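**Q** Spelled out, the chains give:
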Amino acid sequence: MNKILWLFFVVVRRDLILAMRRRADVLTTLIFFVMVVSLFPLGVGPEPEMLRKMAPGVLWVSALLASMLSLGRLFSADHLDGTLEQMLLAPQPLSVVVLGKMVAHWMVSGLPLVLMTPVLGLQFDMPLEAVGVLMLSLLLGTPVLSMIGAIGAALTLGLRGGGVLLSLLVLPLCIPVLIFGTGAVGAATSGMGFSSHLSLLGALLVLAVAFTPWVAAQALRISME
Amino acid sequence: MFYPLAGKLVPWFAVSSAILFAVGMYLGFFVAPTDATQGEFYRIIYIHVPASILSMFLYLVMAGYAALGLIFNTRLSSMMASALAPTGALFAFIALWTGALWGKPMWGTWWVWDARLTSELILLFLYLGFISLHASIDDPRRADRASALLAIVGSVNVPIIYFSVKWWNTLHQGSTIKFTGTSMQVTMQHAMFTMLAACWLYAVAVVLSRVRSIILERERHTKWVAELPEVAL
Amino acid sequence: MDIWMRENPLTYVWIGSYAVAFLVLAVEIALVVHKRKATLQEVRQLLDVEESE
Amino acid sequence: MLEVSNLACSRGDHRLFSGLGFALSPGQIMQVQGENGSGKTSLLRTLCGFIQPDEGRIAWEGKDVGELAEAYFSRVLYLGHLNAIKDELSALENLKISAAVSGMELGESAAISALRRMGLKGRERLPVKVLSQGQRRRAALARLLVSDAALWILDEPLAALDVNAVSLIEELFGEHLARQGMVIFTTHQPLLVAGAETICLSLSAP
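Residue numbers (my numbering), protein chains in the order written: chain A, 36 to 260; chain B, 12 to 244; chain C, 8 to 60; chain D, 513 to 718.
Read the hints as simulated data drawn from the structure, not as lab findings.
This structure is a prediction, so every number in the text was calculated from the model and none was measured.
One or more hints might be untrue.
[Said to hold, decoys possible] With a straight-line Cα cutoff of 25 Å, these simulated DSS-like cross-link-like pairs (lysine-lysine) come out:
no. : chain 1 : residue 1 : chain 2 : residue 2
1   : C       : K42       : B       : K115
2   : B       : K115      : B       : K177
3   : B       : K19       : C       : K42
4   : D       : K575      : A       : K38
Could you put the whole structure together from the sequences, leaning on the hints where they help?
**A** Given below as structure tokens:
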């Protein structure tokens, strides 16, 4: 058990160090997120009433797209320099390694988006409470996106046009997360209880933690043949 | 061996499907009465409902075959899975198309974000994902196994997606418009079941003949393929 | 369009959904038949190459 | 003890090899020979469990490798064509992390002395991207020094290495065999290991 935890932390730490050395990659995802969100008011017009209504959906969809953008690199960099093969030979289950990589990916590409949300929420004139709920929903939901996305990233490893294919495979699977995430904010702004949405998101997160590492590990083994 | 058996079965399924289509259309258009509330428009359901039932069912069948292929490493099941996908996708497309046509006179717009239509659309996306993943991997074994995993993940996700879409829908619309409020008449049911059976038989015929091509393609280096009468011609 | 639709519901239903559905199915059948022919030809070519070797 | 029987492997339509069998006991070294495209790399990757063989059995100490899974992986060290090192990290970090992934905690001093023996003295803390090809290969091969795996599976370990490094590798092989280790490798260069006879396995295109 200890060895498993240790391997998990080794992988997380490794990926975080690598991300630190390649800060540009992390920043591009974040900048992409901010830009897409800022484009929406330019596209639909500046009426505050409408923007306020749209904000949760816009932020969620942008977060979804931003996480798609960074998913391509999740395994492919390690695949290209051979380190992924070494991880396949780890003496602990591969799903531990995969979970480690998922967590690191989320900390690098999901967490910054959550932290950026308050600023962007102000752009859309969202009430303070709604911003809080939105952050909470993103906090619960973006890890699920990273985890489902990891399955897609593993399946499309090393394929030509992998990035587009990845989005094609993963986006439909992410719809429930999107629905519950935006639903929570919608419920909060209209004065209804939002706890049921958040607990459903939490349930999805638990399900994802339980199953996706194993599935993604299987996908990796298939793709590495 | 499966190949010649499938070859013998295909014409039977095809012919009986054609007959049932004809009978179903006759029942649907000439025998079944006009619906009280929806007028003649309701007759779309004779194609819409079978198509949507089949598109969902074929996905499950496909995922089942894919799982068999993945777990027991049987190549025939994987080939069946990849032969099923295009037919399922087409049925999903027909269901969406006819659904939109039905929606226009009923709801006054081509597209309504109704739970069923939305789920059907997502189902079509899942089919397309499966097909394009399979198509973009060159090694057939990896293609089979990778898309099988995707199909299984998708089939686990389908109930979650359906539930979430339905829930989202009730949240935003209050109430959805029901397809048929009153119970269907007996002749309507007959027509519906005949069409459903016709679609079934059609799907079986097309999938079997498609899987025959796939078998030939994959096994082209083996001896038995070289000895087939249609190849030796 | 709307008026035409209300006046000719059966034609609308027919052309709109059944004709399109059957067209889709016909295209699928054509594709399957074509694939069968193409595969057969491919296999024959392969065998010819192997024989000439 | 690694036993392989009736192994068959193919890529796409192409059958690489079939009916392959051999056994390797502790203290033995085996060189896989064959032309380009004869399936050397595929064989080594199959032995690592990356590729499922079409037929046949690979057994480690009498048990099927597929069932042993992680228990077998902990006994194997694999080095492929790719160096499996990260450009952004230093040689030292690379070595420590790859040891950690293979389940071993490696101290700073042990790692440094391994890198020094590989001839990377003074370059331990430089990012790998500034090193030359040969130096990167040395950094990758440093794993041989710190690993406790019994079976080394090495694909072209001598690629990009100079004469000094080749004789160092020969020395390392000798030490490993003396510890009752096993080595399976491919190479296009002559390699002499003192005190051991190299078993040759030839793969020929069918």
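**Q** Does each hint hold? Answer for all of them.
**A** Outcome of the hint check:
For a cut-off of 25 Å, the pair hint linking C/K42 to B/K115 is broken: about 37 Å separates their Cα positions. Among the hinted pairs, B/K115 with B/K177 is consistent with the structure: their alpha-carbon atoms are about 21 Å apart, no more than 25 Å. For the suggested pair B/K19 and C/K42, the alpha carbons sit about 18 Å apart, so the restraint of at most 25 Å is met. For a cut-off of 25 Å, the pair hint linking D/K575 to A/K38 stands: about 24 Å separates their Cα positions.
Hint violations for this structure: number 1 only, all remaining hints satisfied.
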